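Protein chains in written order, with our numbering: chain A, 1 to 351; chain B, 1 to 351; chain C, 1 to 351; chain D, 1 to 351.
Hints should not be assumed to be uniformly reliable.
[Said to hold, decoys possible] Derived CB-CB ranges, DEER-like:
| id | chain 1 | residue 1 | chain 2 | residue 2 | range |
| --- | --- | --- | --- | --- | --- |
| 1 | C | R309 | D | E48 | 55 to 61 Å |
| 2 | D | D257 | C | D257 | 40 to 46 Å |
| 3 | B | R131 | C | D39 | 17 to 23 Å |
| 4 | D | D275 | A | A300 | 38 to 44 Å |
| 5 | A | V226 | C | P113 | 33 to 39 Å |
| 6 | B | R131 | C | G351 | 48 to 54 Å |
| 7 | B | D284 | A | S190 | 54 to 60 Å |
[To be verified] Covered stretches of chain D, going by a simulated chain B footprint (3 or more residues, C-beta under 8 Å):
| id | segment |
| --- | --- |
| 8 | 128–142 |
| 9 | 225–232 |
To be clear, the hints were calculated from the coordinates, so they are not data collected in a lab. Keep in mind that this is a model prediction, so the values were computed, not measured. Virtual Cβ for every residue (Gly too), placed ideally from N, Cα, C.
Protein chains: 4
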Amino acid sequence: MIEEVYSKSFASDNHAGAHPAVIEAMSAANTGDAPAYGDDRWTGALDERMRAEFGENAATLVVLNGTGANMLSLSIMLGRRYEAIICPETAHIATHETGASERVLGVKLVTVPTPDGKLTPSDITARLGGRGNISEVQPRVVSISEVTELGTCYTPEEIAALAATAHDNGLLLHVDGARLANAAAFLGCSLRALTTDAGVDVLSFGGSKNGAALGEAVVVLRPDLVEAGPYLRRQTLQLASKMRFVSAQLSALLTDDLWRRNAEHANAMTRRLADGVAGLPGLDVTWAVESNAVFAALPAGAIPELQSRYLFHVWDASRGIVRWMTAFDTAPEDVDIFIADIRQSVKRHSG
Amino acid sequence: MIEEVYSKSFASDNHAGAHPAVIEAMSAANTGDAPAYGDDRWTGALDERMRAEFGENAATLVVLNGTGANMLSLSIMLGRRYEAIICPETAHIATHETGASERVLGVKLVTVPTPDGKLTPSDITARLGGRGNISEVQPRVVSISEVTELGTCYTPEEIAALAATAHDNGLLLHVDGARLANAAAFLGCSLRALTTDAGVDVLSFGGSKNGAALGEAVVVLRPDLVEAGPYLRRQTLQLASKMRFVSAQLSALLTDDLWRRNAEHANAMTRRLADGVAGLPGLDVTWAVESNAVFAALPAGAIPELQSRYLFHVWDASRGIVRWMTAFDTAPEDVDIFIADIRQSVKRHSG
Amino acid sequence: MIEEVYSKSFASDNHAGAHPAVIEAMSAANTGDAPAYGDDRWTGALDERMRAEFGENAATLVVLNGTGANMLSLSIMLGRRYEAIICPETAHIATHETGASERVLGVKLVTVPTPDGKLTPSDITARLGGRGNISEVQPRVVSISEVTELGTCYTPEEIAALAATAHDNGLLLHVDGARLANAAAFLGCSLRALTTDAGVDVLSFGGSKNGAALGEAVVVLRPDLVEAGPYLRRQTLQLASKMRFVSAQLSALLTDDLWRRNAEHANAMTRRLADGVAGLPGLDVTWAVESNAVFAALPAGAIPELQSRYLFHVWDASRGIVRWMTAFDTAPEDVDIFIADIRQSVKRHSG
Amino acid sequence: MIEEVYSKSFASDNHAGAHPAVIEAMSAANTGDAPAYGDDRWTGALDERMRAEFGENAATLVVLNGTGANMLSLSIMLGRRYEAIICPETAHIATHETGASERVLGVKLVTVPTPDGKLTPSDITARLGGRGNISEVQPRVVSISEVTELGTCYTPEEIAALAATAHDNGLLLHVDGARLANAAAFLGCSLRALTTDAGVDVLSFGGSKNGAALGEAVVVLRPDLVEAGPYLRRQTLQLASKMRFVSAQLSALLTDDLWRRNAEHANAMTRRLADGVAGLPGLDVTWAVESNAVFAALPAGAIPELQSRYLFHVWDASRGIVRWMTAFDTAPEDVDIFIADIRQSVKRHSG
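One chain only, chain A, in its complex shape:
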């Protein structure tokens, strides 16, 4: 039990609980009968808030988890059964969804090695050589993550460049935005600047990593893709019958920019942690710290020692890289204690 053994989890932002406003919103939505499957007023209100955030064309589909959001997004975008998806080798859809893309969508992922988890326009064009060759899959969708799985962020300009390259080549752009809020907070921009305004076609918008108890959304930004969504949501097992209890959570996060405050806090705690271990001999921060995750290479002995007291993941065992994450509710004091323990442990095991 984490509560008893560990002081604090730095394993993932989904180890945190829910923001109190989220629980309150669910409780407030519990007012007797309401139509099921999204024909309720809480879902209606969420639709409006999402349009305010993502633009008038944004059609929102409330879903149940991040993998579901991605599979629904991609299934809305895919047409012919020989189409493929271009994505970074580190993409969540490629590495941590137990093959759902291949099994549920039946689609091949054309994966691209990247130094920092970020795709470039030339990564896309370099994968179009098999166009028109009937023996090869035909790319139709480009999928990127914002924040990436390595904690890095695309700027709005970088996303716009990817969208332009995609569209110029007849492709669509998907964003896995499980941590889109953290990117917007880091970049100091709106959610819309990273998506609608940059030319994104469909996105997965994360709730649970931002403070929801359970709930994500798919946002369809191209009107011609809207119609299929509700059918595909049911088919991909993402339709909640009492949807109000999910919609209310997401609305709570969108109220008074709670999403941004939550993300800013999580990012600040990671910044504090990264700063606290910066320059420590024997510890190398692996990728730029641009969200609520820091990846670091540690001396071999330090990892099990720290893991005996703190929950966190080893990202790459062969290179000794670990991932530390913070959440909307991480306390600065906990970060400081963690920093102190890291410093001691790394010192003990390096040289």
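Given the coordinates of chain A, work out where chains B, C and D should sit on it, guided by the hints.
Here is chains B, C and D on its own, set in the frame of chain A:
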């Protein structure tokens, strides 16, 4: 908006809100960090409660909705890719899951016409004629619903007979128990009597129709099928990261037999409704009233008239059959007002 | 070994060998190097012959077997992943392709009971009640067989009526024409009259049951569906590398109307058989004899007795119905001997 | 039309026609009625010949093309729906089957970069790090090609080492043997030495690239995998109704070691070609020449010049690598003329 236009919904037990104990349980689970994906103490506690309910071999997988519970259950049971599932023509998996069985599982459903939604042992054996014929799919699973989609119930003996026939023929038995609680309440038996003790192999256990906000469970009763479950849960998009918020809901329903009280109340309200319209000229109750749904054939004009004031579904437009459902929180007074309105409307339109 | 034990097979038209002209055509195509995958002159020549037969818009895809032809046809026609196919309960795609529709296409078949294997326009419209209901699959394709699996034929007018109903409702019409030649021969019309001119969108055109050794074709009659075909052919495992050896066979069947002569002969032999057993007490011909198959209900004892000397299938064991088929090379003398044996056997076992 | 424009194709061994003995065998199999779907004496005879070649446990499934052979092989080997296949990045199943693995099997390919198209035991063990992690696919099958797509060969010892590593880790080994004959010819060993004796579990055995008109085989070497084969063959669209016409071709290749003579000739022609261009300034042979393909990097200008007279594929446009192949019927004179043309063209365009 239902709240303003309609007095009360009789459309579905998922139009109800959540039981207050369920919301409280979620709130109580919001105590800071906890491991994700089910390694938390609320899910551990649920596991124990479920074993108390379904027996020591019961392995519980918390999932997100009813279709997800069914798809995960079936995918745990299916092996070879030419296997098929025998189920009633009216099965939810066959009619109301937007083809998820075919798309997500890639499996053919061998559907059986039934008078009352209930499969019989001879329905099974009659579908085994193609065994060994390589041009035909090979049945591997029998799937029944308890309560059925027509509101009827199998007795424990009937389920045991189906399980015996299935097992004698090398098949497995699945129960879609979205309303298993209502069946146990109607039959006055334990959940275990209808499942484990009757020989069921895997079941979908409904939470949301019994008073949860969101959450169901798959219960695997055969030890050799347990290992695959967690992988398939992630792949079928049913894994909640902050699982404690779902587990806590289901535990609340299992505490002090809240599930049974909720189901008994819903059943009693349907019984009250059925009794209140019994014998009314022009109204025929279609199937035996054995749970929280009553189906009735009404005079054509009465349906739109009643639907202008009450939410409920037309089950079979060609035969004028409607479905009325009650829930854990349906008030007797609302039922009585509904009965009075039905009586007036039917009278006006019959004869 | 059939050659030694049995005098003659009446089991299926695919028990026959290949027409000599087919073998000769393969031999003649064996002239050294030729481009693979269909860029050869034999495939080019077939394309032209097929356009002559089916009209200028006919795009031909040579494929490898009947199930492959059906799966490719349907995959060309299907778009969104929640679409469904309406077909008769007896359709080959529903009964004898080991669930390929569900597994390879991931699609639900909405099956319709029919008295004679033939769908009617009202069968189609009656299956459209779930349109717009996101919990139900959405029909997109109607698939019929010409000749049907029960040996009956649609007239050109009947097919045109189905096509009109399909198109009026936004659906496409597929014809499984594994025995299209037999239908055209029976009806005394062109292949085109039954397909292009009747409004068919895509068809499977049978070669092997008409005298080919191996080979079928998919014919796409809607220009907007042509582009996807070659990719889907490879993906559905239907692309022959040395395609000339298949194309040459089909061209041989199309030369000097060999296909029609083969079909007419097979039909005539079945007619002879049906006439020879007509009126025999104890034997009931089950469906109208309109091609190269006759179905008959026999006294129980006669079936194993006849099967000890002749190869044929029991179609429906519970009703004692057998299927007898003839082929392009069935000899009248063999039919006459078979008739005599049937008459004796039926007499012995009836009454 | 290749016959008129080009002297000779060096594009692929499937540009060749069929060996005369193959056509004769088909013709000889055309002797009236025979049971369909493989219950004929030609298929029975092939079964025996295959057992003589691959051992008493070898169960042969005749199939229709190479992609079909691979998909059937893999579908026989795969069990749970979250399993994955480890294969080289250059594998045919990964690059040239239009995503059939993902679409038809629903499986993820875990692809491994290799210098020469050959997997090593440590490539396998390095991909097992996600074992037991429910978010990752679980490798179940290792698939290699013999000959590889780069024209290189595994020795029997190398295959045995891969099989041992696979089995030690609970995996199965598949060999895509579209050109297995060429490997056996190059290595001077039996087919069995490369498969059964090396511990291979299932293999695709190529016919068309060895001189058949159309036809391949899947050979199942593990008894516990045999039963599923026939069902899966029909479902994966690989069942020929008049199977004798395919079986007879494969039997012809197995008679008097015709397969070996065909492969030896093709290999010798490639050896002649490689020797003829060896040491030519400006031309670099890319990978070891161990079968009937030579890959070479050419000066940019030489490629289109040669392609204006000869059919061959550009393998890697960015690096100027072309692939030249020979077949069972390639004439030495044609090779010599080609060599002369290559030498001239390369000389003209290099420096």
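R131/B and D39/C, beta-carbon distance inside 17 to 23 Å? The hinted range 17 to 23 Å is violated for R131/B and D39/C, with Cβ atoms some 45 Å apart.
Measuring from beta carbon to beta carbon, are D257/D and D257/C in 40 to 46 Å? Holds, at about 44 Å.
Outcome, coverage hint (the segment 225–232 of chain D, chain B; C-beta under 8 Å; three residues): holds (count 4)
Are there three or more residues in the segment 128–142 of chain D whose C-beta lies within less than 8 Å of some C-beta in chain B? Contact hint for the segment 128–142 of chain D vs chain B: holds, 3 residues under 8 Å.
State, for the Cβ atoms of R131/B and G351/C, whether the hinted interval 48 to 54 Å holds or is violated. Roughly 34 Å apart at Cβ, these two residues miss the hinted range, so it is violated.
The hint says 33 to 39 Å between V226/A and P113/C; measuring C-beta to C-beta, is that right? holds (37 Å)
Cβ distance range 38 to 44 Å for D275/D and A300/A, holds or violated: violated (52 Å)
Using the Cβ atoms, figure out if R309/C sits within 55 to 61 Å of E48/D. violated (28 Å)
Per the hint of 54 to 60 Å, is the separation of the Cβ atoms of D284/B and S190/A within bounds? Given range 54 to 60 Å: holds, Cβ gap about 59 Å.
Hint compliance for this structure: hints 1, 3, 4, 6 are broken, all remaining hints hold.
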